[in-house]
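Enquirer: Taking the hints into account, I'd like the entire structure generated from these sequences.
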Amino acid sequence: MNIAESYPALAQLKGQIAALAPAAGTGQLGRVSFGLPALDARLDGGLARGAVHEVLPESAADTPSACAFALMMAARTAEAGGRILWITSEARIRREGVPYGPGLAELGVAPDQVLIATVPDELAALKAAGDTLRCPGLAAALIDMGPARRLDLTASRRLALASAQSGVTAFVLRDRSSVIASAAASRWQVAAAPSVPLPGQAPGPVTLALALVRHRGGVPPFNIVVEWTHDDRSFREPTLLRRISAPVERRQMVA
Amino acid sequence: MRVVAVDEVADLLGLTVDMTLADARARVPEVDSVPHDAAADARLLDAIAEGCDRFTPSVAVDPPNGLLLDITGCAHLWGGEAGLVSALAAHLIKAGLTLRLALGDTPDQARALARYGGDLLRAGRKIPPRNIHDARPAYAPPVDATEGAAPGLLDVTELPVHALGLGAAKTTALRRAGLVTLGDLAARPRAPIAARFGQAAVTRLARILGEEDARITPRRALPACGASCRFADPVARTDFIADALRDLAAQAAQQLAERHEGGRDFGLSLFRADGAVHRLRIETGQPSRDPARICRLFAERIETLADPLDPGFGYDMMRLDIFRTEPLAAAQAGFEEDQAPADALALLTDRLSVRLGAGRVRRFAAGDSHIPECAGFTVPVSSPVLPLTVHRTPEPGEPPLRPLHLLEPPQIVDVIAEVPDGPPRRFRWRRQTHDITAFEGPERISAEWWKRRDGAGLTRDYYRVEDSQGRRFWLFRHGLYGTEKTRPDWYLHGLFG
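Line order of the protein sequences matches chains A and B.
Read in the numbering used here, the first sequence has 34 at position 34, and its numbers run on one by one without any break.
Read in the numbering used here, the second sequence has 395 at position 395, and its numbers run on one by one without any break.
Hints are computed from structural coordinates only; laboratory data are not their basis.
Keep in mind that this is a model prediction, so the values were computed, not measured.
Fair warning: there could be bad hints in the mix.
What the hints assert, rightly or not - A few chain B residues facing chain A, derived, Cβ under 10 Å:
| id | residue |
| --- | --- |
| 1 | Phe231 |
| 2 | Arg362 |
| 3 | Pro372 |
| 4 | Ala438 |
Even glycine gets a Cβ: it sits at the ideal position worked out from N, Cα and C.
Expert: Below, the structure is given as structure tokens:
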């Protein structure tokens with residue numbers, strides 16, 4: 001027998017709570033697919049829209065990869081149009097460099113679609129994130145919280161509610177060292193993975209090792225290595241044999 | 001050492017400006033002297049000018065100790081010229097200043113009356129205009145006034161010739177010629193005066209007499225339009241100020257709507273009762289005349305002040321200026337409450353720009369250059385869109401050839417290569433060694449020799465590399481080995497995703 005049935009008061013309370021909290025992260029606003037059927041099938045179609053998803057680099061050196069993953073997913077979210085706001089911090093720019101427009105274009109993300117806001121510190125980042133997620137004019141937001149010491153359960157719950165209300169899907173980049181409980185719909189750990197080299201031992205397409213660490217919908221954690229292709233802005237399985245038939249020659253590029 | 005300024009008591013004791021300090025000490029042994037601090041004087045004058053902004057937006061500094069206010073069209077707000085003069089005098093005397101005020105038809109006339117009218121009063125009429133308490137402001141009647149000068153007012157023609165400011169030699173020459181007042185000079189034909197004393201003498205004479213008008217250059221740019229309000233009692237409460245701002249914004253919006261324009265650049269001046277002025281400035285990405293939006297952005301601005309607004313004993317005046325306007329057609333408001341998404345986004349970028357600083361919200365722009373840092377950069381989001389150059393679209397099936405993050409400036413790294421002009425094998429960056437397992441290059445980018453006079457500049461050989469962990473970097477060798485440099489340095493320029 002269900003506990004809720006034996007305690008009507010409990011069932012009533014549960015109903016009240018459910019009415020108070022909008023269904024954050026349940027995918028009522030639709031889902032963002034990865035474009036990789038194997039991955040989408042595990043996640044019931046992809047990541048929930050109008051929710052906050054956390055992206056963690058496996059180590060500090062993987063931050064560019066985590067950032068790229070968040071940007072790729074933001075670009076997939078904004079496939080139908082709409083802007084992406086990328087909130088980054090001064091500390092991040094000092095460490096990793098400035099976001100580079102041609103690099104975005106090479107990833108298949110239209111640079112015209114992306115706005116960059118640079119915040120001086122974490123409090124400003126959190127405040128800007130709150131405003132951003134309340135703005136229905138955006139398609140997606142990429143929020144780089146850095147060490148994210150202030151992004152506790154309350155703050156992340158606030159962001160999740162704002163996101164559910166406005167429908168803006170947020171990808172929050174935070175360091176692994178600071179991970180505490182949060183209200184994010186999912187949490188991903190991203191690392192760079194060796195790519196399948198092109199003929200002539202040239203680095204191949206962007207390859208990422210993803211790990212789903214937490215999922216609010218109860219999807220069990222798993223690991224997967226994926227490749228990003230900018231042609232159709234989607235993920236695919238890394239194929240060792242894809243280019244074996246191409247003529248083996250040294251690729252020369254002289255500008 | 002010479003005396004630069006004397007106070008009232010010293011003046012009564014017969015000490016004058018420009019006498020030597022030794023002389024002054026000999027006459028009055030107990031005289032107290034302070035070293036002259038010209039910079040502090042300039043700061044004080046600037047602060048006073050800032051405070052005078054409440055009377056007219058057009059204030060100019062006349063160094064070392066004068067201010068010129070253009071009160072055209074402002075006097076009626078204070079109940080006429082006399083009202084404005086008494087309000088100005090009261091304002092400045094409250095701040096503990098000794099002053100000489102003069103009104104004139106031209107800036108030069110007012111200036112001459114204020115600076116030399118006092119001497120005239122002292123010399124001729126025995127009224128020492130030491131302080132405004134006992135001195136009426138010198139006032140030149142309008143040129144076309146038929147009833148003549150009002151009693152007690154100065155006539156500009158009675159001013160001494162050194163009001164022309166021609167320098168000691170020419171002034172002495174004028175006096176020797178028997179020309180003591182400007183009236184004497186004005187009665188004579190101008191051509192011989194110009195021939196003898198220079199064209200400047202004639203020009204200044206004409207300006208002082210009001211025959212020729214030269215406007216002042218205000219220290220602040222004049223707003224396109226604006227609204228102001230004064231409070232009967234100084235207010236210190238923020239909610240009153242917010243209410244007043246809402247009224248001002250509504251008035252300004254009305255003006256803008258009549259002009260079919262929207263403001264891009266708004267300034268709010270809060271005049272404190274003690275003369276201090278607080279100024280806030282906001283800019284919007286798109287022209288706007290929505291009072292609620294203007295108020296919200298100002299509220300945002302006030303919230304982000306590092307040094308919070310200190311109302312002190314309260315503000316007694318507020319002014320909203322619109323410095324830059326752009327055409328904005330009237331828009332039909334919809335029945336639904338929802339804002340259009342584009343409008344919501346513009347509001348968000350404006351708010352973030354106000355809070356973080358104007359240059360902190362940016363968008364990408366492509367440059368017409370091969371040099372990577374010039375080929376792509378960011379510009380403030382409010383800057384105009386120039387779609388002359390676009391980002392390169394990637395080749396299908398190619399991996400990214402440009403990094404997601406660009407290090408500015410490039411960071412020097414230790415590289416081990418098999419041969420000096422060959423590809424890198426291993427590099428060390430931030431105390432970490434990366435073994436290169438895959439590379440592509442060189443992509444040779446030469447310096448823009450066609451833009452440089454000497455045609456010099458080092459060629460960069462870019463390599464896209466991947467280390468054993470799968471992390472991708474963008475390295476370049478600065479200078480061609482052998483021909484351009486004997487030991488070229490290696491730099492890390494970007495990080496791929």
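Enquirer: A separate judgement is required for each hint: does it hold in the structure or not?
Expert: Hints versus structure:
1. Phe231: Not OK, violated: B/Phe231 not within 10 Å of chain A, min 33 Å.
2. Arg362: With Cβ-Cβ at 5 Å, under 10 Å, it holds.
3. Pro372: Interface hint status for B/Pro372: holds (8 Å vs cutoff 10 Å).
4. Ala438: holds, 4 Å
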